[in-house]
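Peer 1: Chain by chain, the residues:
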Amino acid sequence: DGGITQSPKYLFRKEGQNVTLSCEQNLNHDAMYWYRQDPGQGLRLIYYSQIVNDFQKGDIAEGYSVSREKKESFPLTVTSAQKNPTAFYLCATDGGGTGPHEQYFGPGTRLTVT
Amino acid sequence: AQSVTQPDIHITVSEGASLELRCNYSYGATPYLFWYVQSPGQGLQLLLKYFSGDTLVQGIKGFEAEFKRSQSSFNLRKPSVHWSDAAEYFCAVAGVRALTFGSGTRLQVQP
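In order, the protein sequences belong to chains U and P. Per this note's numbering, the first sequence starts with residue 1, numbered consecutively. Per this note's numbering, the second sequence starts with residue 115, numbered consecutively.
The hints are simulated quantities; they were obtained by calculation from the structure and are not laboratory data. Virtual Cβ for every residue (Gly too), placed ideally from N, Cα, C. Please note that a few of the clues may not be correct.
[To be verified] The list that follows gives simulated cross-link-like pairs (lysine-lysine, DSSO-like), each with its CA atoms no further than 30 Å apart:
{"#": "1", "chain 1": "U", "residue 1": "Lys9", "chain 2": "U", "residue 2": "Lys57"}
{"#": "2", "chain 1": "U", "residue 1": "Lys9", "chain 2": "P", "residue 2": "Lys175"}
{"#": "3", "chain 1": "P", "residue 1": "Lys163", "chain 2": "U", "residue 2": "Lys9"}
{"#": "4", "chain 1": "P", "residue 1": "Lys163", "chain 2": "P", "residue 2": "Lys182"}
{"#": "5", "chain 1": "U", "residue 1": "Lys9", "chain 2": "U", "residue 2": "Lys70"}
{"#": "6", "chain 1": "U", "residue 1": "Lys83", "chain 2": "U", "residue 2": "Lys9"}
{"#": "7", "chain 1": "U", "residue 1": "Lys71", "chain 2": "P", "residue 2": "Lys163"}
{"#": "8", "chain 1": "U", "residue 1": "Lys70", "chain 2": "U", "residue 2": "Lys57"}
{"#": "9", "chain 1": "U", "residue 1": "Lys57", "chain 2": "P", "residue 2": "Lys163"}
{"#": "10", "chain 1": "U", "residue 1": "Lys83", "chain 2": "U", "residue 2": "Lys70"}
{"#": "11", "chain 1": "U", "residue 1": "Lys83", "chain 2": "U", "residue 2": "Lys14"}
[What the hints assert, rightly or not] Ranges between beta-carbon positions, derived for each pair:
{"#": "12", "chain 1": "P", "residue 1": "Ser184", "chain 2": "U", "residue 2": "Gly63", "range": "37 to 43 Å"}
{"#": "13", "chain 1": "P", "residue 1": "Thr126", "chain 2": "U", "residue 2": "Thr86", "range": "26 to 32 Å"}
{"#": "14", "chain 1": "U", "residue 1": "Ser73", "chain 2": "P", "residue 2": "Gly155", "range": "35 to 41 Å"}
{"#": "15", "chain 1": "P", "residue 1": "Ala143", "chain 2": "U", "residue 2": "Arg44", "range": "20 to 26 Å"}
{"#": "16", "chain 1": "P", "residue 1": "Val210", "chain 2": "U", "residue 2": "Gly63", "range": "20 to 26 Å"}
{"#": "17", "chain 1": "U", "residue 1": "Ile51", "chain 2": "P", "residue 2": "Gly130", "range": "46 to 52 Å"}
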């Protein structure tokens, strides 16, 4: 069953703690993305990776880190430096390479930091 | 830099009525445009896309969208709305790095 898995669906953390969100895909897609969604603001790009062992900052990368050691996996760490981490986080993939591609989205992880 | 504007934050229609959701984009080259739908607490699902060719594109669930270059618009339409269409709808344009999304339009359907 092909798709994108994000776990957990809900995550609660105390302020000052780092937390890692998981994103796994079996679509054999080269490109993977992390977006943050806040009410009324649409989706904003945090980080993206076009190929294994390479990733780039998006528009709101401060306070976040990623790794891309395997094609199937693109975990996102929300660090204590992120000033307002409570949000809905979405992982997406596409085939990569040149030309436009539609993105496929995972079910999301809702992170609440108190 | 590219941008997408969805002027309507919230729209309410009656079941069976027609629907049009507005989307305006700003992009220097030929735009590649998308409409996605999101149910509460879920990921996004692609409704349709425009890359080139016929400016009227058909999508899933009976939706269609028309690309109008002169108006920089890509409005989403449906002739008859069903209660299950209640969701949030996002228009997006493909950039060099990733998709740029509008802020979304929440659709409410009245019985």
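Peer 1: Now look at each hint and say whether the structure bears it out.
Peer 2: The hints, checked one at a time:
no. : hint                             : verdict
1   : Lys9/U <-> Lys57/U               : holds, 24 Å
2   : Lys9/U <-> Lys175/P              : holds, 27 Å
3   : Lys163/P <-> Lys9/U              : holds, 28 Å
4   : Lys163/P <-> Lys182/P            : holds, 14 Å
5   : Lys9/U <-> Lys70/U               : holds, 22 Å
6   : Lys83/U <-> Lys9/U               : holds, 22 Å
7   : Lys71/U <-> Lys163/P             : holds, 26 Å
8   : Lys70/U <-> Lys57/U              : holds, 18 Å
9   : Lys57/U <-> Lys163/P             : holds, 26 Å
10  : Lys83/U <-> Lys70/U              : holds, 29 Å
11  : Lys83/U <-> Lys14/U              : holds, 13 Å
12  : Ser184/P <-> Gly63/U: 37 to 43 Å : holds, 42 Å
13  : Thr126/P <-> Thr86/U: 26 to 32 Å : holds, 28 Å
14  : Ser73/U <-> Gly155/P: 35 to 41 Å : violated, 23 Å
15  : Ala143/P <-> Arg44/U: 20 to 26 Å : holds, 22 Å
16  : Val210/P <-> Gly63/U: 20 to 26 Å : holds, 24 Å
17  : Ile51/U <-> Gly130/P: 46 to 52 Å : holds, 48 Å
Hint violations for this structure: number 14 only, all remaining hints satisfied.
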